[in-house]
Amino acid sequence: MSELLQVQGISKRFGALQAIELLSFSLNEGEIVGLIGPNGAGKTTAINLISGVMRPDRGRVFFGAEDVTGMSPHVLVNRGLVRTFQATTVYQDQTVRENVLRGAYAKAYPGLAKSLWRGPQGISRHDEAVIDDLLAQLGLAEMAQLTARNLPYGHQKVLGLAIALAAQPRLMMLDEPAAGLAHDEVVHIESFIRRANASGISVLVVDHNMRFISTLCQRVVVLHHGSELATGTPQEVTRDQRVIEAYLGTSHEPA
Amino acid sequence: MRPANVAVALPAPARQRALKWVLLGVLAAALLIWPLFTHDFFYTHIATLVLLYCIGGASLHLLVRMGQLSLGHAAFMGIGGYTSALLSTRLGWPFIPAFVASAIVPALVALVLGPILLRLRGVYFVMITYSFGELVRLLFNEWQSLTGGADGIFQIPPPHPFLATSREYYYFALLMAVLCVGFTGRLLSSQTGRFIDAIRESDRLAQSSGVPVLRFKVMVFVISCGLVGMQGSLMAHYIHYLSPGAFGFSESLNFLVFNVIGGMQTLAGPIIGAAFLVSLPELLRGWVELQRVLYGVILIVVMLYLPGGLVMIGRRALELLPIGKGER
Amino acid sequence: MSSNLVIPIVFNGLSLSAIYILVALGFTLVFGIMRVINFAHGEFAMMGGFALFICYVQLGLPYWLALPLVVPTVGLIGLVAERIVFRPLYGQELPAMIAGLGLSVALADGAVVVFDVHQRNIPSPFDDILTVSGFTFPEDRVIVMGIAVAALIAFWLFIQFTSIGLALRTVAQDREMAEAQGIDTSATYRITFFLATAMAGLAGALFAQIYALSPYMGLVPLVKAFTIVIIGGLGSIAGAALGGILLGMSESFLNTFYGASVAQFASFGAIMLLLILRPWGLLGRPEV
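Chains as they are written, first to last, in the working numbering: chain A, 64 to 318; chain B, 222 to 549; chain C, 1135 to 1422.
Don't read these hints as lab results, they were simulated from the structure.
Given the structure is predicted, the values throughout are model-derived calculations rather than measurements.
Glycine is no exception: its CB is placed at the ideal position from the N, C-alpha and C atoms.
Treat each hint with caution, since some may be false.
Stated by the list, open to error - If you want the footprint, here are the derived chain C segments under chain B, 3+ residues with CB under 8 Å:
hint: 1; region: 1221-1232
hint: 2; region: 1268-1278
hint: 3; region: 1395-1401
Build the full structure now, drawing on both the sequences and the hints.
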């Protein structure tokens, strides 16, 4: 297994707050790795730093052996690194299908000249088939023509996942994919993530829910005060004394 | 007994599309016979102006669809207009290369300034484009050796001796308007248009799907400014005169108002807006100030009661017609 | 630069600054508190000028009665405009902007319809020339500057030391927190608009007194307000003061040495640079 993502000593300070401090971890191809920490530990900042939304003050990020530190998010997407957002970010006023079509920019946009040449029927048959297949796999096929705004919350989360998958990433970074979901919806999301992983997509899941992370991930990195507290399998990490101390009195698990 | 009405048998979306084609056909016919139909040159003149302003209104629509509202668009029209006018009057260039230059020069300016200006959004973009527009107007006014200053440039030749009269120029303007607006429409309905809308609705989400947002915006900005530069040239060679006053805040505001009043969501919006707002002042001549008061009041009323623009009237009319429920 | 020039330039600069700050304060308040770019702001200044004209010239009221009347008159018109045009559009930045544009056109051309388009002069009630150590200052400019400064001081005292002023500052800083504290935001909006338009009206009256009065004169104060508020920061009161002084002084300087066009060019160039480098202005806060 080769290393797909390598984070080396990244740090980020916001004013007086050192949000991330010398964080290092790596992710191998095909893994599902969890990044866990209590709220405020810097999990979203970590994703922001890796995905290019913010530039780390120090440290490097390697994706597939290439130094991608500080590259813009869209450049990273083209290299196969995609992230989702904590608050559901979907195009509220568009249909489910249109949402996913927009997610496929990296693979399906033919450039200005060709798009003019093709006109309104711009997507190739092949790309359409890929999208429809993705919708079917995620159980969104029947809702394809519904407006995203009208979807129940759980389905909007799945839609967010679909948009990310439409870019056919090598590595997908999910920011609290199960937050706010009811138990059966959590199970659904878990199965979709596992299925994506089985088809070859590596996953980095960021969350504060230890049970969710433990079920899903093969390896867990515990984040505390902006740096790595412990790494290992979920079993190892949940038994780690330092982790238990850090987690005393923090997040409770939602049903 | 079954009625022989074929329309009943068609599904609703097809009926709507058929109606759209019928309307477009009627419009095309009307546009083609307009100068023959009205003997008074004045009405042909208004129609020519409307057609030319459709180009600029449509070009600003590209920016509006991207979520960038510019209050300096007329400056680019001026850059194009002056380029064409100067090349043909000072350097004796024939029309076609001068016209091509009138698209290229503003596009180049947009290419250089775009990466800087388009980092700003919302109110800040409005302010910076407004300032840019004023700077350009001052340049036009003060750089007398180049632009002739406040006096302007006279005796700009028509594109071809054949196009010196208003009726012939009308058809030329119609052709150019159809080409430019058609191009814009094609762009908006293509994959590129999909991502223009995506950028407007959520540039964060678009970027996280791989859209190079700033570069994309600059690309659209370049196209938009090139198109309005062409309007500048077409106007210069029609009126045979141009001056800095024609490219100031008032004109930039007009373009924006066409879009807002006509409707910002579809290309039909600025077309309707241009048709309505260019012809209105000409038709109400004689009460210039009163008519401008009316203009201001209309702006307020539309914003308060018809925020989707005049296009919404057409939409609701379509819904009310007995052709069944349309899609969406 | 000889001191012969410095004093008049500084004096002109300060008197311009004072009037500009009066205009810009209202503009920045309305933006800071209501998030509305009021494109009709300049027209309220213009109406202040016409109000003074009507009271002082047409009705023949004494100056010290006419001028104070301008303030509540324009303020009341402002309240009407707030009710009809802006209140239904709170929260909708763009439609409010366009509606404000419509209002500005309607007001300016309405004034043309009522008064005709020509420039008028308001005869000055103060004809003297004051001489201080060899420098001459027209009396009316001194008085105008004095009034403007007095108005600014009054505003500052109001905003700093009264409970309403505190409420305004709170809403400008953080609307949600203000509402959580029980501040009536809609009343705050009305007071803000009244103050903003009243101050603009006063500034317009003072401007009309020194320079000239015409229905289209509103564009100039609007552009100044825009410029000042970009320099100082949208929503920042201190920024408006700082911006006003910087603009007034630099205009006075540039005008004297290089002419009006260069001064204008420099203004717009400065705006563009500021927006590129520091869009929230010198004293504003970057919006998250």
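Hint check:
1. Given as covered by chain B, the region 1221-1232 of chain C passes the check, having 9 residues with a CB less than 8 Å from a CB of that chain where 3 are the minimum.
2. Look at the region 1268-1278 of chain C against chain B: 0 of its residues bring a Cβ nearer than 8 Å to a Cβ of that chain, fewer than three, so the hint is violated.
3. Closer than 8 Å: that is the beta-carbon criterion, and the region 1395-1401 of chain C has 3 residues meeting it against chain B, so the requirement of 3 holds.
Violated hints amount to a single one, hint 2; each of the other numbered hints is respected by the structure.
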